[in-house]
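**Student:** Residue numbers (this note's numbering), protein chains in the order written: chain X, 1 to 126; chain Z, 1 to 299; chain L, 1 to 250; chain V, 1 to 235.
Derived from the structure by calculation, the hints contain no laboratory data. A few of these clues could be false.
[What the hints assert, rightly or not] Okay, the calculated beta carbon distance ranges per label pair: (1) Z:7 <-> V:6: 48 to 56 Å; (2) X:27 <-> Z:27: 54 to 62 Å; (3) L:238 <-> V:15: 49 to 57 Å; (4) L:41 <-> V:58: 17 to 25 Å; (5) X:31 <-> Z:264: 40 to 48 Å; (6) L:192 <-> V:15: 13 to 21 Å; (7) Z:116 <-> X:31: 40 to 48 Å.
[Stated by the list, open to error] Capping the alpha-carbon separation at 20 Å, the derived lysine to any residue pairs in SDA-like fashion look like this: (8) L:22 <-> V:39; (9) Z:226 <-> X:105; (10) V:97 <-> V:86; (11) Z:276 <-> Z:257; (12) X:9 <-> Z:273; (13) X:106 <-> Z:264; (14) L:182 <-> Z:13; (15) L:6 <-> Z:105; (16) L:86 <-> V:18; (17) L:86 <-> Z:43; (18) X:9 <-> Z:254; (19) Z:173 <-> X:42; (20) X:92 <-> Z:265; (21) X:9 <-> Z:279; (22) L:86 <-> V:19; (23) L:6 <-> Z:61; (24) L:22 <-> Z:85; (25) X:9 <-> Z:218; (26) Z:30 <-> Z:177.
The beta-carbon is built from N, C-alpha and C at its ideal position, and this holds for glycine as well.
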Amino acid sequence: MVLNLDGTKPIYIQISEWLENEILNGNFESEQKIYSQYQLADIFTINPATAAKGLNLLADEQILYKRRGLGMFVAPDAKDMILAKRKNQTLKRLVEELVLEAWRLKVSKQELIEMIHSINTGEAGE
Amino acid sequence: MTVIECKEVTKILGGTKALDHFSCRIEGDKITGLIGRNGAGKTTLLKLIAGYWRETAGSIEVFSERPFNNLLVSANVIFIQNEMDFPTALNLKELLEVMAGFYQNWDRALAERLFEYFSFSPLQHYKGLSKGMKSTFNMIVGLSARAPLTIFDEPTTGMDAAVREDFYRALLKEYLAHPRSIILSSHHLDEIEDLLEDILLIKQGQELLHLPMSDVKEWAVALEGKVSLVHEWIQNREVLYTKSTGFHQSAAVRNDFTEAELQQLRLEGVRISPVKASDLCIYLTRDSEGGIDDVFNKG
Amino acid sequence: MMSLTKVRLWDVVKQQYRYKLKGYIQVFMSMVVLQVLALIFSLNGVGNAGASGGLLNVNTSYFSADFVLAFTMLWGFITAILITTKAYSNDDFIFVTNRLSSHLSNVLFLVTASILGGLTTILSTFLLKVIVFLFKSDVYLASSADLAAPMTLLVGVSSASLYILLLCSLGYLVGTLIQWSKLFAVLLPAVFVGGLLLNALSGEAGILAVLYAFFMTESSFPLFFLKVVCTSVVLFWGAFGLSNRLEVRP
Amino acid sequence: MGIVVVLILFVIVGGVLWLVTKLLNSNNVHKRGRYAYTRRVRMVFGGYLAILIVSLLLNTLLPVKGLNQLEKVDRKELTSEGIVLYDDALAGQVDEKFLREKWNFDYKGEKLSIASSTATYQSAPIVVERKEQNDGKIEAGFYMTKSSMNGLDITQYVQLPELDLIRDKLLLSNSPINEIRFSQFTNVFAVRQFTGDRLFSHNSTFEEGQWIFYLKVPKDLKLETSGLSLQYVGG
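Input sequences plus hints: build the corresponding full structure.
**Tutor:** Take a look at the structure:
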């Protein structure tokens, strides 16, 4: 796993997203101990403080929780929280950008929705 | 725990102020990047910290002592620079032995392994090494010394990309295993930014910026859009950089926008993107307003 | 936080001294080369006396290690200047040091160099003797110098070493002066040669004559020892004091 | 003069130091050789020291050739001995203990010329004693007192002259070698100053013994010579 180091996104955010992906992929189950800041630093060759910031970001969102002296653990409902968050934030932001771009390109709402439909045909057929 | 504290430090070299009322405070066990252009005073600052030079005015303290001519500072600081004056009579192996005698925390095993890994031969002499090999050897010395304050001044000069990678990795692993205060000076911020916890930006002998690396990316923001639009938004703001191409203008400004303002910007069709840390440093440390284009546009 | 290393001056000096014996080893190479060269020059004898009668012409050559000692003294002088130059003194700052420890270890090194120089100088007399004995001489006249008496050897080695040390300390001061200002590199030889010329012209006994009288005509070893050691200490001290005006390293 | 010497020494010493440093910094040191530079210097220095120590041992263990066994002599005594020899010879009572060489020639001629092949004998003291009768024999003797060099008896090194009778000519000539080289070691000046020796001058004395040719010739033999001075006993 290599981080996207093009510099446009702060590394600690990339770290937290990577951890979320690991949880979504099932590499970390609930109640399982997750990488420490030092392990993360070692894996990605980044400063441990940066890694810690990525971890703390997830802790703040309660996707991870701290056990004193033991480290960070995956919260029981971490997966759901991540999915919800991605829906609310990531997807929403993407849609925002999509709409803005459509507006700039003078694509009407109708047209846009049709485009979305055409991509989603596979799912619609189910 | 403060490792280095500079208060209004001035150092005059050859009639010019290499450092001009420079103040900063560096906390312990952090990797700090010292970034600045050539001649900004990086090396001068480092030499003052290492106790090689005497400050002209102001006060500088390392481990709460004045570093100049100070045995405690000398024993606890290793200063790695480009051309190390290693004694010419000794070969590389002997140099490492001598260093081991001087630095109490010296890790012989580590030095040995790195020495082997980078395929040095014991009978080689430092003077006979290529520039890149010299830097690599310096790096071995700097890491193996395990000095509580480890200073690397432009450590990767002449190293090829693979060795640079190895160096950063080795530095980080050493730091993880034995945390210590490290100062890395470089003008390749791109390469080292991931390693850094803090960044200290220096310009014309003065501290320009000193903040955690993770804040640097949010410190400024780049706007891109129609000239008139962008121009309106950047008025009364701290503009770091602007460039216009035809109808479009891009600008880097200090990020003091509110969330609402950003939303508004997006709606108006202004592209917002973060400013890369290395670009930010270039903008900030630029000596003159404008850029190289202005030189050509004058005509 | 890594705990700070506590260091004592004397430990650092010892460490630096050990390092210098190794790191400055090339000066001993030049010493051997110079002594061999001096021995070759000495094969012609330091003095020659010839006399002839009606039936017998005699030619007496005097041999001694005077040349060797003179060369070794100069070697000490120049070596001491050399180790004050940046090429050498900057080496110290790779390692743990402050100015005092750097100076002290330099002095220890020069003392060691002087002793080794004195020892080899005195011993070289015997090599010279063997060479002359084997290849040069018809007849070999005995003299007090033939005795490898322990006491004579001891006095010889000590006093030769002291002479070298004297020149070392002078060189160290001169070197430090030159580090202080490059002007001295021109000024000192000019004053030296000029002074000698002036003395020669005016027929006065110059500073060299005074020094000669002070050191070389001293016939009591303890007094000689005292004179040299005191002078060396003063010269070294002067160099220390002077270098306090310098940056630790440029 | 002194300045020039000092400057030359400086140039030599400086040159050697420069050369050694140059060699050290040359690529030779960095790339070739199986041993570390420091080790090589230690080997050179150690080798040199070993040679010196072996020399010291040789000096103390081996017997010294030359003049160690020579007797000491008193110069004043030698001088007075020389005067005595000369005076005695003129009185016809030469002391046989100074005889170094003796020649006997049969000579029937009436005239004898005495000549020398070298300038050495131009002013040589030749003392002639006329015998009581004409027995046709010439007895010649070479007498010499001791020679000294720095107070040591070096008589044994004196090469005796040669005397030949060629028809009517008595010819004095030198032996092939009469030059001798002595070597003397002195302590280094750093020792001399404590032993009371002279510092930078060497005082050597050399004194050749007083020598004479003593000829006993037949009563009526006519002697002639060119350039040599003959003195007659009782004359």
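**Student:** Are the hints correct? Go through all of them and say.
**Tutor:** Quick rundown of the hints versus the structure:
Between residue 7 of chain Z and residue 6 of chain V the beta carbon distance is about 54 Å. The supplied range of 48 to 56 Å therefore holds. Taking the beta carbon of each, residue 27 of chain X and residue 27 of chain Z are about 35 Å apart, not inside 54 to 62 Å as hinted. Between residue 238 of chain L and residue 15 of chain V the beta carbon distance is about 28 Å. The supplied range of 49 to 57 Å is therefore violated. Distance hint check for residue 41 of chain L and residue 58 of chain V: the Cβ-Cβ separation is about 22 Å, which falls inside the suggested range of 17 to 25 Å.
Distance hint check for residue 31 of chain X and residue 264 of chain Z: the Cβ-Cβ separation is about 44 Å, which falls inside the suggested range of 40 to 48 Å. At about 19 Å, the beta-carbon gap between residue 192 of chain L and residue 15 of chain V stays in the expected band of 13 to 21 Å. At roughly 43 Å, the beta carbons of residue 116 of chain Z and residue 31 of chain X sit within the given window of 40 to 48 Å. Between residue 22 of chain L and residue 39 of chain V the CA atoms are separated by roughly 9 Å; this keeps the pair inside 20 Å, and the hint holds.
The hinted pair formed by residue 226 of chain Z and residue 105 of chain X meets the criterion: a straight-line CA distance of about 15 Å does not exceed 20 Å. Between residue 97 of chain V and residue 86 of chain V the CA atoms are separated by roughly 13 Å; this keeps the pair inside 20 Å, and the hint holds. For the given pair, residue 276 of chain Z sits about 18 Å from residue 257 of chain Z by alpha-carbon distance, which is consistent with the 20 Å threshold. Under the criterion of a C-alpha separation no larger than 20 Å, the hint pairing residue 9 of chain X with residue 273 of chain Z is consistent with the structure, at around 9 Å.
Taking the CA atoms of residue 106 of chain X and residue 264 of chain Z, the gap is near 19 Å; set against the 20 Å cutoff, the hint holds. Our distance criterion of 20 Å between C-alpha atoms is met by residue 182 of chain L and residue 13 of chain Z, whose separation comes to about 18 Å. Our distance criterion of 20 Å between C-alpha atoms is met by residue 6 of chain L and residue 105 of chain Z, whose separation comes to about 11 Å. Between residue 86 of chain L and residue 18 of chain V the CA atoms are separated by roughly 16 Å; this keeps the pair inside 20 Å, and the hint holds.
With a C-alpha separation of about 19 Å, the suggested pair residue 86 of chain L and residue 43 of chain Z falls inside the 20 Å cut-off, and the hint holds. At roughly 17 Å between alpha-carbon atoms, residue 9 of chain X and residue 254 of chain Z fall within 20 Å of each other, so this suggested pair holds. Our distance criterion of 20 Å between C-alpha atoms is met by residue 173 of chain Z and residue 42 of chain X, whose separation comes to about 7 Å. As the CA atoms of residue 92 of chain X and residue 265 of chain Z are separated by approximately 17 Å, the hinted pair is consistent with the 20 Å bound.
Simply put, residue 9 of chain X and residue 279 of chain Z have alpha-carbon atoms about 14 Å apart, close enough for the 20 Å limit, and the pair holds. For the hint pairing residue 86 of chain L with residue 19 of chain V, the CA-to-CA distance comes to about 19 Å; that is within 20 Å, so the pair holds. As the CA atoms of residue 6 of chain L and residue 61 of chain Z are separated by approximately 17 Å, the hinted pair is consistent with the 20 Å bound. The hinted pair formed by residue 22 of chain L and residue 85 of chain Z meets the criterion: a straight-line CA distance of about 15 Å does not exceed 20 Å.
Between residue 9 of chain X and residue 218 of chain Z the CA atoms are separated by roughly 10 Å; this keeps the pair inside 20 Å, and the hint holds. At most 20 Å may separate the alpha-carbon atoms for a hinted pair to count; residue 30 of chain Z and residue 177 of chain Z meet this at roughly 13 Å.
Comparing the model with each earlier hint shows violations of hints 2 and 3; every other hint is respected.
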